[in-house]
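Engineer: Next come the chains, spelled out residue by residue.
2 protein chains.
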Amino acid sequence: MAMGSRQPAGKAAGTTRPAPRTLLRAAAALAVAVGAGCGPTADAGPSEPPQQASSLESWNEGPAKAAIVDFVGRITDPSSADFRPEAERIAVFDNDGTLWAEQPMYFQLIYALDQVREMAPEHPEWVTEEPFASVIRDDQEALAGFGLPELMQILAVSHAGMTKEAFDARAREWQQTARHPRFDRLYSSLTYRPMVELLEYLRANGFQTWIVSGGGVDFLRNFSEEAYGIPPEQVVGSSLKSEYRSDASSPWIVKVPELGSVDDKAGKPVNIDLHIGRRPILAFGNSDGDFEMLEYITTGDGARLGLILHHDDADREWAYDRDSHVGRLDRGLDEAAARGWVLVSMARDFSVVFSEQQR
Amino acid sequence: MAMGSRQPAGKAAGTTRPAPRTLLRAAAALAVAVGAGCGPTADAGPSEPPQQASSLESWNEGPAKAAIVDFVGRITDPSSADFRPEAERIAVFDNDGTLWAEQPMYFQLIYALDQVREMAPEHPEWVTEEPFASVIRDDQEALAGFGLPELMQILAVSHAGMTKEAFDARAREWQQTARHPRFDRLYSSLTYRPMVELLEYLRANGFQTWIVSGGGVDFLRNFSEEAYGIPPEQVVGSSLKSEYRSDASSPWIVKVPELGSVDDKAGKPVNIDLHIGRRPILAFGNSDGDFEMLEYITTGDGARLGLILHHDDADREWAYDRDSHVGRLDRGLDEAAARGWVLVSMARDFSVVFSEQQR
Numbered sequence: 001m002a003m004g005s006r007q008p009a010g011k012a013a014g015t016t017r018p019a020p021r022t023l024l025r026a027a028a029a030l031a032v033a034v035g036a037g038c039g040p041t042a043d044a045g046p047s048e049p050p051q052q053a054s055s056l057e058s059w060n061e062g063p064a065k066a067a068i069v070d071f072v073g074r075i076t077d078p079s080s081a082d083f084r085p086e087a088e089r090i091a092v093f094d095n096d097g098t099l100w101a102e103q104p105m106y107f108q109l110i111y112a113l114d115q116v117r118e119m120a121p122e123h124p125e126w127v128t129e130e131p132f133a134s135v136i137r138d139d140q141e142a143l144a145g146f147g148l149p150e151l152m153q154i155l156a157v158s159h160a161g162m163t164k165e166a167f168d169a170r171a172r173e174w175q176q177t178a179r180h181p182r183f184d185r186l187y188s189s190l191t192y193r194p195m196v197e198l199l200e201y202l203r204a205n206g207f208q209t210w211i212v213s214g215g216g217v218d219f220l221r222n223f224s225e226e227a228y229g230i231p232p233e234q235v236v237g238s239s240l241k242s243e244y245r246s247d248a249s250s251p252w253i254v255k256v257p258e259l260g261s262v263d264d265k266a267g268k269p270v271n272i273d274l275h276i277g278r279r280p281i282l283a284f285g286n287s288d289g290d291f292e293m294l295e296y297i298t299t300g301d302g303a304r305l306g307l308i309l310h311h312d313d314a315d316r317e318w319a320y321d322r323d324s325h326v327g328r329l330d331r332g333l334d335e336a337a338a339r340g341w342v343l344v345s346m347a348r349d350f351s352v353v354f355s356e357q358q359r
Numbered sequence: 001m002a003m004g005s006r007q008p009a010g011k012a013a014g015t016t017r018p019a020p021r022t023l024l025r026a027a028a029a030l031a032v033a034v035g036a037g038c039g040p041t042a043d044a045g046p047s048e049p050p051q052q053a054s055s056l057e058s059w060n061e062g063p064a065k066a067a068i069v070d071f072v073g074r075i076t077d078p079s080s081a082d083f084r085p086e087a088e089r090i091a092v093f094d095n096d097g098t099l100w101a102e103q104p105m106y107f108q109l110i111y112a113l114d115q116v117r118e119m120a121p122e123h124p125e126w127v128t129e130e131p132f133a134s135v136i137r138d139d140q141e142a143l144a145g146f147g148l149p150e151l152m153q154i155l156a157v158s159h160a161g162m163t164k165e166a167f168d169a170r171a172r173e174w175q176q177t178a179r180h181p182r183f184d185r186l187y188s189s190l191t192y193r194p195m196v197e198l199l200e201y202l203r204a205n206g207f208q209t210w211i212v213s214g215g216g217v218d219f220l221r222n223f224s225e226e227a228y229g230i231p232p233e234q235v236v237g238s239s240l241k242s243e244y245r246s247d248a249s250s251p252w253i254v255k256v257p258e259l260g261s262v263d264d265k266a267g268k269p270v271n272i273d274l275h276i277g278r279r280p281i282l283a284f285g286n287s288d289g290d291f292e293m294l295e296y297i298t299t300g301d302g303a304r305l306g307l308i309l310h311h312d313d314a315d316r317e318w319a320y321d322r323d324s325h326v327g328r329l330d331r332g333l334d335e336a337a338a339r340g341w342v343l344v345s346m347a348r349d350f351s352v353v354f355s356e357q358q359r
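Chains as they are written, first to last, in my numbering: chain Y, 1 to 359; chain G, 1 to 359.
Just chain Y, same shape as in the assembly (with noise of 0.2 Å):
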């Protein structure tokens, strides 16, 4: 069965099937390899009822909440000479890694390639074409070698040549119905829920929170506000070009299959004075591929909070950073100590992992 496919896999939490070791990572900002095998231990504390989170319960007493703590009271307190009045209370969030998980492979690239196995009847063709042939075929090591090109043409067809109200469409379908493979639950289900409070807490002390991910705008958008409260105009992403285009009866627009921005490194800042226009004040990452996002958020005046989401718990969720091919972490974990960084420790800072323990 292929990971990620939208029956229930009821077995793959135990599979010994290896993830494919590299899966590309392209410019995309889709692009993913496997690092960390799919270990078969989840956490397997008592369910919790879910819950709207209004404070940080689910962070343990520690450094890293002491400093969300004491930075949050500085920026809200008048007579602090760090305060700051709510329009620069601006937040900014990684998604794949820091709000939800990502491994064994960015969950929008395992909708990319299960929505190919789903339209593959209407594409006959397909079975000897490539790179559609290996991905019906579920072939890991063919996977393992796709590069750019290859993404390109999956995204082509998973995310461009349809309107949006169409992508919307499949996206929430699958959002609703595609399970985790070592998990067995929905990918929604796989937010951090120390994240989520930290979300919640920031916009009760007059913050704007905006996601700024790597992933692809349109897909993050059709569940950021139920996930994380963030409405679309404040989700900041890659994105396919799109064009306009109209006829007698209504207007649509249309993603076509050519990179419009790269939102990663460098893409980062750059997408945040596009879309914000002003300087964050905080921002939280959790791989390299945010290293200039928060360079550029703790190198402006004031007091400024940098945060890297550490995945240092094997069995609760993944350990990976320096090797991993997905949010690989290594020169800012060599950096964050001289830069004031704080390094949050998923299995010390989190009492709780993921937003809900069954779904």
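The hints are simulated quantities; they were obtained by calculation from the structure and are not laboratory data. All residues carry an ideal CB built from backbone N, CA and C; glycine is no exception. You may find that some hints are simply not true.
What the hints assert, rightly or not - If you want the ones that stay clear, here's a sample from chain G, every Cβ over 10 Å from chain Y, calculated:
hint	residue
1	Leu148
2	Ser242
3	Arg316
What the hints assert, rightly or not - From chain G, some residues computed to sit far from chain Y (all C-beta separations above 12 Å):
hint	residue
4	Thr128
5	Gln176
6	Leu186
7	Gln208
8	Ser249
9	Ala303
10	Ala319
To be verified - Here chain G is said to cover these stretches of chain Y; the calculated rule only asks that three of the stretch's residues, wherever they fall, bring their Cβ under 8 Å from a Cβ of chain G:
hint	segment
11	182-188
12	250-260
13	288-300
14	303-312
For this one, chain Y is given, so just place chain G on it according to the hints.
Structural biologist: Just chain G now, kept in the frame of chain Y:
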């Protein structure tokens, strides 16, 4: 004296110098030509105190005001079939010719030409180098012949090759000192009071108010908050590409002389989708550059409102439409009625035109 120069242009209002007849209408959406001449007559009404408009008091009673009030009433009435939650109450406004004046040429182009003149002493080679030589000489005939190549050269020196902070400082200084040749007032005082009232009225009714302008996004963001109460993150405009750079001390973003997005015509709905991600329900423009935006916004599901400001008031402002090179309104005039778009007459519907009578 050059039009729009920094020096108080005490005599400019009465000058007989002809405005350049055509000064390029180019893909930058900055490009411009001058159709209507500068009439000598400003509105001579009594000086009214600047005030925060909290209603539509500068709108005369009539079908335009009635259509607005009726629409907002239905959208905000929970018992109405047209009711919308606040998240969906998004209104988009063109800027040049819709929120502020655009004659005798787009104000941002005046800024660009002024910048060239101000920088000229540091560039002695410009005395003989086109297009700068013509700008420095204020050679109206030569300016009238400029096309996209000349415009890009002017943008390259006036809008690119500098940090965002440096651009912002220059733009703000100009906006706070340069004076309009006809009215001898700051350009920022040539916003339309009824439109500022409308923005406030919509926000008081739970709407987000966005600017979607052919003008440059960085230029706009330096006055949108003060002039319209619209924060930087709700300003969408044309843009040059930018790059992120960093050295040992700190990073910076620099604009490069290459077109990024042209936020005009079909570029407007495309950018609305990219930046807002949700189809607005109200759009207000004034030229055929807004046609696609109006079409896109008014053809969605549910109640929607499209409005076009018709410049038909030569005494208080200007009268121009089909034959103007700035803000040409031709197809929009033909199709407004059939499409249900409300034509707002400046002469008939605005009891006051500009935000401030003196400044």
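Engineer: List, from low to high, the hint numbers that the structure doesn't satisfy.
Structural biologist: 2, 7, 8, 11, 14
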